[in-house]
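Trainee: Taking the hints into account, I'd like the entire structure generated from these sequences.
Line by line, the protein sequences are chains Y and W. What the first sequence shows, in the numbering used here, is residues 85 to 431, in sequence order. What the second sequence shows, in the numbering used here, is residues 1316 to 1585, in sequence order.
Note that these hints are calculated values from the structure, not bench results. Possibly wrong hints are sitting among the right ones.
[Claimed, not checked] Straight-line Cα separation of at most 20 Å, SDA-like style, residue types lysine to any residue; simulated pairs:
(1) Lys406/Y <-> Gln1573/W
(2) Lys1371/W <-> Pro1505/W
(3) Lys353/Y <-> Asp1441/W
(4) Lys1426/W <-> Thr1525/W
(5) Lys291/Y <-> Asp1482/W
(6) Lys181/Y <-> Asp301/Y
(7) Lys1565/W <-> Asp387/Y
(8) Lys417/Y <-> Glu1569/W
(9) Lys1578/W <-> Asp301/Y
(10) Lys406/Y <-> Pro388/Y
(11) Lys241/Y <-> Ser1534/W
(12) Lys416/Y <-> Lys1578/W
(13) Lys126/Y <-> Lys181/Y
Keep in mind the model is a prediction, meaning the values are calculated, not measured.
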Amino acid sequence: MLEKSEENPNHKGVWVFTEQIDGKLKNVGLELLGAGRKIADKLGEELVAVLLGYKVIELVKDLEAYGADKVILVEHELLEQFTVDAYTKVLAELTIKYKPSVLFIGGTLNGRELAPRLAARLNTGITSDCVDFDINSDGHLTHVKPFGKLMAKIICKTRPQIATAKPNVFKKLEPNWDRRAKIVREEIKINPEDIRTKILGRIEANKNPYGSIEDADVIVAVGKGLCSKENLKLIQELADLLGASVACTRPVVDRGWLPSSQQVGQSGKTVAPKLYIAIGISGATYHTVGMKNSDIIIAVNKDPKAPIFQIATYSIVGDLFKILPLLIDRLKKEVKEVKLSITTKGE
Amino acid sequence: MSKAGLRIIVCIKQVPAIQDIKIDPITHTLIRESMPSMLNPWDEIGVEEGIRLREKYGGEVTVITMGPMQAKEAILRCLAMGADRGIIISDKALAGADTIATAYALYMQIKKMKYDLIICGKISTDSETGHIGPHLAELLNIPQICYVKKVDLDIEKRRIIAHKEADEGIEIVEAPLPVLLTTAIGLNKPRLPTLKGIISSKRKEVKVLTAKDLGGSLSNYGLRGSPTFVDEVFEPPSRKPEMIFQGDPKEVVEKIVQVLLNKKLISSRS
Chain Y
85 MLEKSEENPN
95 HKGVWVFTEQ
105 IDGKLKNVGL
115 ELLGAGRKIA
125 DKLGEELVAV
135 LLGYKVIELV
145 KDLEAYGADK
155 VILVEHELLE
165 QFTVDAYTKV
175 LAELTIKYKP
185 SVLFIGGTLN
195 GRELAPRLAA
205 RLNTGITSDC
215 VDFDINSDGH
225 LTHVKPFGKL
235 MAKIICKTRP
245 QIATAKPNVF
255 KKLEPNWDRR
265 AKIVREEIKI
275 NPEDIRTKIL
285 GRIEANKNPY
295 GSIEDADVIV
305 AVGKGLCSKE
315 NLKLIQELAD
325 LLGASVACTR
335 PVVDRGWLPS
345 SQQVGQSGKT
355 VAPKLYIAIG
365 ISGATYHTVG
375 MKNSDIIIAV
385 NKDPKAPIFQ
395 IATYSIVGDL
405 FKILPLLIDR
415 LKKEVKEVKL
425 SITTKGE
Chain W
1316 MSKAGLRIIV
1326 CIKQVPAIQD
1336 IKIDPITHTL
1346 IRESMPSMLN
1356 PWDEIGVEEG
1366 IRLREKYGGE
1376 VTVITMGPMQ
1386 AKEAILRCLA
1396 MGADRGIIIS
1406 DKALAGADTI
1416 ATAYALYMQI
1426 KKMKYDLIIC
1436 GKISTDSETG
1446 HIGPHLAELL
1456 NIPQICYVKK
1466 VDLDIEKRRI
1476 IAHKEADEGI
1486 EIVEAPLPVL
1496 LTTAIGLNKP
1506 RLPTLKGIIS
1516 SKRKEVKVLT
1526 AKDLGGSLSN
1536 YGLRGSPTFV
1546 DEVFEPPSRK
1556 PEMIFQGDPK
1566 EVVEKIVQVL
1576 LNKKLISSRS
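Mentor: Here you go:
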């Protein structure tokens, strides 16, 4: 096991592992370049995108446009498919060579397997699902994440300080296609026997009848206030009228009313749609950390003290079983064609 | 594999049974004593899978946890489900451990044991990091397969073929034993302990270990051995509600529709 590497001035640079699958960059990597830009500027250090894959050089221009000062590129046949063994090996070797101070990894399923494995190899600290970062007076990164009903600021004494964040938590920078970064190619030896897990095949996911929630513009979300699975019909009808995807809280998944793919919150997904309609959701922090960055939040709850009203843009105090049928009727009459203006995000 | 069959270790955790967890104002760590608690549901899936594999291939299932002595309840639950023996690592010197220090303590014990398969929950419902499985696999230098939905073993060749959740669907992955798995929903439906199981669980061995039993330097355990610590705890900032609608449902609905129209979230008939 490596000795723990305490904070010292030799560790410099803010790194972002920018994951690609099948030659396509994951959005969360670009979002973390946005978060990393702020931290790198505060520290007066470089922002470095680390890109692993095979024949992926054309992705470098995106990393430049979204804020990287430097791109470390490792191309190898054995990096074409993501494997924890190969990716951990390469990132560990790069980290030991360059000694970055910070390493951000997107909280995709791959990222969530990779980051803790890498942290254990480097014998350094890791903080998952961060929602904000800053630099404190001692030069440590402060990792902000939900902790029960409260928020916690976490400090990591060792280097690199590894952190993950879910998709849709941080915002990408506006791309600047004239920006140029320094490109550094690294050759790292990988042997087939380094990779102990062999991918035999992939089964593509079935089409989701409730709609994908990660990139939806409008989400209709339900909590246990829905009372029974049968009442989902109401929610689906409203969602169809609004062209929305259906999301939910953990208690709804626990009751088997909706699959976990629709769950928003700390143990589910993070979303930031233009409109989030929260129906029968009390608003525990576990849920709200996953949706509070939505542009507009409309909350329907019969309890005027429900915490969801602390973050709702429009708070509707009332019985959802009275309000929803009326709203559905009204929308059917009023709306000729339910259409979203795709260009008005943030309005 | 030994003649005795598969040697399976399942790492488990006792978690608060309620969402309203309490945090120690001084140490900023979870207060775990005297809280209603339960076996972490993801670990329960792991215990079930361990028992099923033992039923199919023979062998034994050991459940291991680190925590206050209260966590023995969770161990007993696993034994009542059908696990063969339990180990609880409990010591004040281990308190305040982050995931690195926790995995290290588990590693120090597990490396002394013989195993073909280690199973961890995907996450725990209290801290939800999902770190322990990958940390432990790395410390033991064995492969990991996370978010497993289906397990097939080839005992002759000592290999596993697993279906795992991936960002782009399901991946079918093969690896040699020993291997560490983490559970996904859908892997199985955990059984309830039977009365017979509960009675026989009382006769099963539960070993209690301290930091000294684990060996190594105490500076690697607990808060001292943790690279990360909670520096500050604060109330989440609240967004001021812009408008509150209440009263006659018809009027309320009218106001919502006006908002949707004004914000161009729907387009009007007129």
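Trainee: Does each hint fit the structure? Answer for all of them.
Mentor: Going through the hints against the structure:
Distance hint between Lys406/Y and Gln1573/W is fulfilled; the C-alpha atoms sit about 18 Å from each other, no more than 20 Å. Between the alpha carbons of Lys1371/W and Pro1505/W the distance comes to roughly 16 Å, so the proposed pair stays at or under 20 Å and holds. Under the criterion of a C-alpha separation no larger than 20 Å, the hint pairing Lys353/Y with Asp1441/W is consistent with the structure, at around 16 Å. Pair hint Lys1426/W plus Thr1525/W holds up; C-alpha atoms about 16 Å apart against a cutoff of 20 Å.
As the CA atoms of Lys291/Y and Asp1482/W are separated by approximately 14 Å, the hinted pair is consistent with the 20 Å bound. Taken as a hint, the Lys181/Y and Asp301/Y pair is broken in the structure, with Cα atoms around 43 Å apart against an allowance of 20 Å. Taken as a hint, the Lys1565/W and Asp387/Y pair is honoured in the structure, with Cα atoms around 19 Å apart against an allowance of 20 Å. Restraint check for Lys417/Y and Glu1569/W: satisfied, since their Cα atoms lie roughly 12 Å apart, inside the 20 Å limit.
Under the criterion of a C-alpha separation no larger than 20 Å, the hint pairing Lys1578/W with Asp301/Y is consistent with the structure, at around 13 Å. At most 20 Å may separate the alpha-carbon atoms for a hinted pair to count; Lys406/Y and Pro388/Y meet this at roughly 16 Å. Note on Lys241/Y and Ser1534/W: the hinted pairing holds, with a Cα-Cα distance of about 14 Å set against a maximum of 20 Å. Taking the CA atoms of Lys416/Y and Lys1578/W, the gap is near 18 Å; set against the 20 Å cutoff, the hint holds.
Our distance criterion of 20 Å between C-alpha atoms is broken by Lys126/Y and Lys181/Y, whose separation comes to about 24 Å.
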